[in-house]
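Asks: Whole structure, please, built from the sequences with the hints as guidance.
Here is what each chain is made of, one letter per residue.
4 protein chains.
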Amino acid sequence: MKDKLESALAKGRKAAATGKVADYIPELGKADPNALAVACCDMDGQITAAGDTETTITIQSISKVVSLALSMIDCGEKKVFSAVGVDPTADPFNSIMRLEMRAPHRPQNPLINAGAIVVLSLLPYRDSLSRYEAVLDLTKKLCSNHSISSNEAVYLSEKATSDRNRSLAYFLRSVGSLEGDIEDILDSYFHQCAIACTVRDLAVMGATLANSGVNPVSGERVLSPRIALTLRALMAICGLYDGSGEFALRVGIPAKSGVGGGIMASAPGNMGLATVGPSLDPKGNSTGGVRVMEILSDQLGLRVL
Amino acid sequence: MKDKLESALAKGRKAAATGKVADYIPELGKADPNALAVACCDMDGQITAAGDTETTITIQSISKVVSLALSMIDCGEKKVFSAVGVDPTADPFNSIMRLEMRAPHRPQNPLINAGAIVVLSLLPYRDSLSRYEAVLDLTKKLCSNHSISSNEAVYLSEKATSDRNRSLAYFLRSVGSLEGDIEDILDSYFHQCAIACTVRDLAVMGATLANSGVNPVSGERVLSPRIALTLRALMAICGLYDGSGEFALRVGIPAKSGVGGGIMASAPGNMGLATVGPSLDPKGNSTGGVRVMEILSDQLGLRVL
Amino acid sequence: MKDKLESALAKGRKAAATGKVADYIPELGKADPNALAVACCDMDGQITAAGDTETTITIQSISKVVSLALSMIDCGEKKVFSAVGVDPTADPFNSIMRLEMRAPHRPQNPLINAGAIVVLSLLPYRDSLSRYEAVLDLTKKLCSNHSISSNEAVYLSEKATSDRNRSLAYFLRSVGSLEGDIEDILDSYFHQCAIACTVRDLAVMGATLANSGVNPVSGERVLSPRIALTLRALMAICGLYDGSGEFALRVGIPAKSGVGGGIMASAPGNMGLATVGPSLDPKGNSTGGVRVMEILSDQLGLRVL
Amino acid sequence: MKDKLESALAKGRKAAATGKVADYIPELGKADPNALAVACCDMDGQITAAGDTETTITIQSISKVVSLALSMIDCGEKKVFSAVGVDPTADPFNSIMRLEMRAPHRPQNPLINAGAIVVLSLLPYRDSLSRYEAVLDLTKKLCSNHSISSNEAVYLSEKATSDRNRSLAYFLRSVGSLEGDIEDILDSYFHQCAIACTVRDLAVMGATLANSGVNPVSGERVLSPRIALTLRALMAICGLYDGSGEFALRVGIPAKSGVGGGIMASAPGNMGLATVGPSLDPKGNSTGGVRVMEILSDQLGLRVL
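Quick note, the sequences are listed as chains A, B, C and D, same order. Reading the first sequence from the start, the letters are residues 716 to 1020 in the working numbering. Reading the second sequence from the start, the letters are residues 716 to 1020 in the working numbering. Reading the third sequence from the start, the letters are residues 716 to 1020 in the working numbering. Reading the fourth sequence from the start, the letters are residues 716 to 1020 in the working numbering.
Mixed in with the good hints, there may be bad ones.
Copies of the same chain are indistinguishable here, so a pair counts whether it falls within one copy or spans any two.
[Stated by the list, open to error] With a cut-off of at most 27 Å between alpha-carbon atoms, the simulated DSS-like pairs for lysine-lysine come out as follows:
{"id": "1", "residue 1": "Lys998", "residue 2": "Lys717"}
{"id": "2", "residue 1": "Lys729", "residue 2": "Lys719"}
{"id": "3", "residue 1": "Lys793", "residue 2": "Lys729"}
{"id": "4", "residue 1": "Lys856", "residue 2": "Lys793"}
{"id": "5", "residue 1": "Lys793", "residue 2": "Lys735"}
{"id": "6", "residue 1": "Lys794", "residue 2": "Lys726"}
Worth flagging that the hints you see were computed from the coordinates, not collected in a lab. Just so it is clear, the structure is predicted and the values come from calculations on it, not from any experiment.
Replies: Structure follows, in structure tokens:
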């Protein structure tokens, strides 16, 4: 396995060189564009990793999977999916126009920014910090890594610059699709996006989803099978923003990407697979990561589509 | 003239009964739906008024004309119209989607909310209050009424509830179409929208525009002829939100409406004409006011289109 | 007057050089980009002209004014304006997206392509040719020139290439906003767009609208005052496609342009003014023509806004 | 297996009663709203069926999968996917607005109407009939049923009424995204949509895709493994129009629906599964069919997401 990962990684480095590190959040711009790592975690909890495995990235949009899971646990599926849709979208992750254009004026799905913000607003915690801590706690369990914490510099940088997310949140409240204190909700959102982890953490998270909610490393049931499959299904159709279609063709397994450069994938009943590579394509997905996953999906027979 | 106004007003009351007071800002909902008043001011400064002439309304979007004038004075036409367009729009006054949909991502014109907010952001004042006071001061000169002030309850009500305007402002800053402190800019915006005036004040403002910038009551040159005609031209094509086309057909003179129920019209070289009537049609224009203007435009031969 | 026209024309030639002849219809591409002419017709029917006054162009979208007038005569205002709106639009003349995006799914106004096609479909003639001939006949009366005919090469070229107009027509029928035989209706549309005329013809047409429907050359009442003012009002707000706002500011009189290079303007109670200049700006308006009108509106005091 | 199908079918009948037969094509409106059938075909070519298995429907949009496969065989993947995208869409299957709104102005994917029409236009056949016959021939091989033919009444009904598809085609040609004779291309499209088949045919087609392109009944390799997986991946993300997200959650296997009432699903390496039930939900998917698939996906462990 290690050899296969090394080999895929070597081929992926060329693709990594074609991307560009996200810099719309100043702190993100400091990431190493050449870093590339891959890891997998099988159903026995066996982890194999290759490349720059010590590189730490912020999970960014991958956190949307965690907060969605938490809201399904805390609020129930019904409440969550009356507040956000389950439809794929052809618009960029931070798009606002469809919210005005089409009724009902609610987010298309929970994995675009608007949807993730609405999902967070449903959580029954008393303030921004406790809401964030609940997401962080679930992240730790999904990754079986209790030392995970957030990168405070990225958190503050994102909080200071995120005009588009504020615009989305105020719009959603203006059409009745979101309730609550917007700065408080967004504070949790920026904080959860800044959770820092390694490629191993993401591989374990993917494995937990692949294993129907039982973390194969810790043996703990973290999510119900129903929540695990809901997350996988949504990841399959809208996990890579408006690049989800291409990913389905090239890789063919449920996955979620983040602009920090991570991709967390879940081959059901088989393994979790993750990559870290901060160079992104124009849609916000890791160029090296997608390439490595494409090679491994083929070689390891992971494709489910 | 008085008789003509009275007669038009009597006919207009029926139309007023078909509208509905704006209530998206709670304080606005307290307006009297049956109030109706009309006034004209000729080029000699002679004012004639009829109906509920003591009714005071907040000028709301009519203030966009004043702040646009101020920004043309303070910043120059070139700077203003590189920040906002001069195109009519088919979208509601608070629409956001076109800002994302079409490049350049700047407001279509200065008389929709997004445009008015950008125009305000250009003004070279040190804070929200001084920016507002400059708009208020110009309003006083345009109306030759130095006792004009804002309705603080409406101002605070608007400030507390205006999610959509916040969404617009953050979006504009996210695409580089607006700079500055958003809450500070919006504070001026809410404050200027709450400037309170009577139908006489609005008639004098219209007369000043009709008189190429010289207030016919005070004799003071308040605006250059160039600014006066720019304001009139924009009012003609987009002064009544997405009801501007119908108003051009029915009334045929440059005008600006506000959701407080006022309409300020300007028959060039002829007179200012104003109505007050808080019952609005679905596009946000006074039902009674439009009807009264339609009758008077015909009877007094005011139509320029 | 002749001197003023000559002088304006001389200044306008520079602007003409910045434009580009329309070539999406192959035959249109053959027009002389340097041709420029101007004419006015006063309320006594006195015509003054300057420049390339013998240049013949096809009226293209200016014909929309004629067919709208005809449909108001034949079908009544009520029927026409329940089929098309009277709202300005921010989209290009051949745009389709708003027809799907917003209910009611009818054209915004009768001066964009979709609207003109719907207006034509309302006309009670038995076939394409008789429908076209009725429009041609009204054109002759508006211009008091009985020798006007269409340019058959342009007509056939347009008919052979007009995919976008076919798309609009089929879309309109699919949403119930248009009835009838589409190729038959479009045939009339292409035919009327190809009506050929000179700058003098267009000046007389503008004068007839300015004179409340009485042709000042022939003395014939061609349109009712009500129809004349409706046409002028619509021209004022949407006569120059999505360049109508800029034209209102720069020139300030009702006008209609065509991609053949003509502009027909109407200063109410004052004069008709027309220009011919096939070099167009990106929005489809004659660069030289707009400049000449801007100069003359100022010098002759034509502005009504 | 037969018992499981019967049991799922019994439960599905209740859902079928909530839908409505498509009637925008008059001939489709004649289908029996109560008909419901299900069939599966395993990797050994063993077919099991239950319910109204003799009901014949037209495949409608399921034919898009066949013509896409044919174009990949005839033109190569590269040519096909430079003409259409691989992105999911949030718009209805016959939507046009995004084609104008966003560059490149090409269809989002080959499974919406616009995309299917473009795909057909790429096929190198000399006329409408031979193009249709090539699609029909591939359909026969995918279903291993050489008696399949089209329902000529539905074909002619669709051809006579399909304004929206004509609008899409002309629009696509106007922006350079489609070449060729539009009526000729559309004729093939209407013809292939009218191909008539039973639930058994669709189950075998699904099994061929599930079996990487080898028809398990005939043993013939009909498609390359690469084409089979491309079809499955696209079906997974956009096979049920704008209801694809909900289907991914509820059923979790690649599938394609048609407004004739069919659903053809493909559980990779496992089985083809098909349902027939003409009662549709508002998005155009069989209500009874989706419910039956949901039950069977769960009971048979077919879910791949």
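Asks: Now, for every hint given, state plainly whether the structure supports it.
Replies: Status of the hints after comparison with the structure:
Taking identical chains as interchangeable, the C-alpha atoms of Lys998 and Lys717 are never at most 27 Å apart, the minima being 30 Å within one chain and 46 Å between chains. For the homomeric pair Lys729 and Lys719, the shortest alpha-carbon distance inside one copy (17 Å) is at most 27 Å, but the shortest distance between copies (50 Å) is not. Proximity of Lys793 and Lys729 under a CA criterion of 27 Å is satisfied inter-copy only: 21 Å between copies versus 44 Å inside one chain copy. In this homomeric assembly, Lys856 and Lys793 come within 27 Å of each other (Cα to Cα) only inside a single copy, at 24 Å, whereas the closest approach across copies is 43 Å.
Taking the shortest alpha-carbon separations for Lys793 and Lys735, only the inter-copy value of 25 Å comes in at or below 27 Å, while the best intra-copy value is 39 Å. For a Cα distance limit of 27 Å, the shortest separation of Lys794 from Lys726 across copies, 26 Å, qualifies, whereas the shortest one inside one copy, 44 Å, does not.
The structure fails to meet hint 1 from the earlier list, while all remaining hints are met.
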